[in-house]
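Q: Okay, here's what each chain looks like letter by letter:
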Amino acid sequence: MNELLLSNIRWQDVVDVTLNSYILFRLYVLFRGTTTLRVVVVIAFLWFFQRIAAYLGLIITSWAVQGVTAVAAIIIIVIFRNEIRSVLQAKNLKALLWGFPHGTIKTPVEIVVESVYEMARKRTGALIVFPAKEDLKELVQNGIAWRGRISKEMIMSIFWPDNPVHDGAAIIQGDQITDVGVILPLSNRKDIPFYYGTRHRAATGLAEITDALVIVVSEERGNVVVAKGSSIRVINRKEELTTILQEQVGVATKGADQTRNEKIKTGVAAVVSVLFIVGVWFSFPRGLESMITLEIPIEYMNRDPKTEILDTSVNVVNLNIGGSGTIIKTIRPDQVNVKLDLNKALIGRNTYTITKENIKLPPGAFLKGVNPSVVEVTLDVPITKELPVQVDWTGKLPESLILSEVKLYPEKLLIEGGSYMLKDISTIYTEKVLLDNISESGKISVKLALDPALLKIALGSKDRISIEYVVKKRLQ
Amino acid sequence: MRYKILISFIAPFFIIFCLSLPAYSQQNENNSSTPDSAKLTLAHAVMCEVIQEFKPWNQAVVFSITIGKVSCFTSFDSVPEKTYIYHNWYCRDSLSKQMKLFLQPPSWATFSSIQFREADKGFWRVEVTDSEGNIFHVLRFSITE
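Those protein sequences? They're chains A and B, same order as listed. Position 374 of the first sequence, counting from 1, maps to 623 under my numbering, and the rest follow consecutively. Position 109 of the second sequence, counting from 1, maps to 214 under my numbering, and the rest follow consecutively.
Worth flagging that the hints you see were computed from the coordinates, not collected in a lab. Remember, it's a predicted structure, so these values are computed and weren't measured experimentally. Using N, Cα and C, we set each Cβ at its ideal position, and we do this for glycine too. One thing to keep in mind: the hints can contain errors.
Sample of chain B residues facing chain A (criterion: CB under 8 Å; computed from the structure) [to be verified]:
#1 Val-167
#2 Ser-169
#3 His-242
#4 Leu-244
Generate coordinates for the entire structure from the input sequences, incorporating the hints supplied.
A: Listed below in structure tokens is the structure:
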């Protein structure tokens, strides 16, 4: 069974599994840590559940789960469009195809922390956004593209009270301040301390609807507040802020164990991707096994050039071919051939049984039956033989007459055919000549009726016979 | 009455005797002697409907099945010694009947016959051969409706 299964694996299947495993693995790498990946996993589970339900014949369950899966697939695209877009837009083609997140540009967290606490000390209000995976473009407004490399002086200058953009938020991605003067959505929460102003509400507003982290430097109290998710808290120690920022931007100090764990996770993800796709490959095409019957002509190979095929019991065979529905649908008659090796055939009748060795099928298809499975091939050596001709009289003469004498021109003819075939033939006959119309002596010309039809009149011989006949009255 | 019983008793034996005879031979009227060194020579060979007075009647190459019987008549004008010949009857290239016929010097005529059945319609030929199978002559004929 296993051998049969392995022998039916096509190179296309290997490419199919490899390609899709890699795509799945890349999706994992790109979306790991996001909500999208978790939802995709749920959808994959639903799909498997649907397949199992279909296999068990649970029609309604299968139908319902199929519907849910389809709807979920649409929902994931709609709801997580920003997340998906940020993953696909933020990275170049190389990053999408084979890049790993390890190579992303690191944010100089220390400079940011130093700048934040410097501004706090000087009571300079500031609002700094650190996006994570989710795209913020549709949630924020009025941003001015900045794209400046992070430095303490730059951060300080952006939030300097005389700077026109100091009231808005600055967005930091990687080692750049990408936008400044950004207006963030305000929170409507009632539990925010009353003394927090618009800047804090803006920080909370963005943090609670995205995965971004927002730092607020209070102008009035000179403290540093971090908003992440639904939490908003004051951070008094630089080290704590450094740790929080490192976690947010993905540059948290990684120990050797953590790095090894990540590598193991990636490896496991790669293996799971391959296993998943192999599972799909086994379940999908194998589960839809079907059969086709093709009428294929037999090719007779390696015949001795001195011989010729005189006769065959069949020239075409019906092949019952099984395989997955996909393979069977794409199968073409020219991909299938039946070959009989006549290398060891002898003069005369040879009997062959058509086996799998005689049949070439496309990969993935397998032979279920051959009809007829036995073929008789008669080989012969072509010769020329001189044979007398006889007239094929038919019908009836009038009772009073007799056909007393017949002369033929020519009386003999050279006939070409196989020696085996001609061995038992000692006469060739004309086509039928009707007696009913004959009432007196005369002369007619008729053709030969060669039987078997494989016989041929030799080159140079006449193909018509002249018959001169004598009719006499019957003696009583 | 006694004659009728006698005839009815003898008649079956007579019929069987006649049928068992593969051929009927008759010494030719010409009794002129032939030198021993002469070769056996076929003078005449024909297919006919009937033999009457040791002569073939209604020679033909096509015979109706309704006639029921056909004969092959052969005469040899040079028979150097007592010997025999064969009349080999072939129906559609298949040997149907072989008749061994004896010849007496100095000349001899002989014939063989066959009865037809409905299935015998078709091509026939009679090969006239010597005792060693050498063909003197081939007579071809057809049996039709």
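Q: How about Ser-169(B): closest beta carbon in chain A under 8 Å, or not?
A: Holds: closest Cβ of chain A sits about 6 Å from Ser-169(B), inside 8 Å.
Q: Can the hint on Val-167(B) be confirmed by a CB-to-CB distance to chain A that is less than 8 Å?
A: holds (4 Å)
Q: For the hint on His-242(B), just tell me whether its beta-carbon gets within less than 8 Å of chain A.
A: violated (12 Å)
Q: Checking hints one by one. Is Leu-244(B) an interface residue toward chain A, by the C-beta closer than 8 Å rule?
A: Because about 11 Å separates Leu-244(B) from the closest Cβ in chain A, which is outside the 8 Å limit, the hint is violated.
In this structure, the hints that do not hold are numbers 3 and 4, in rising order.
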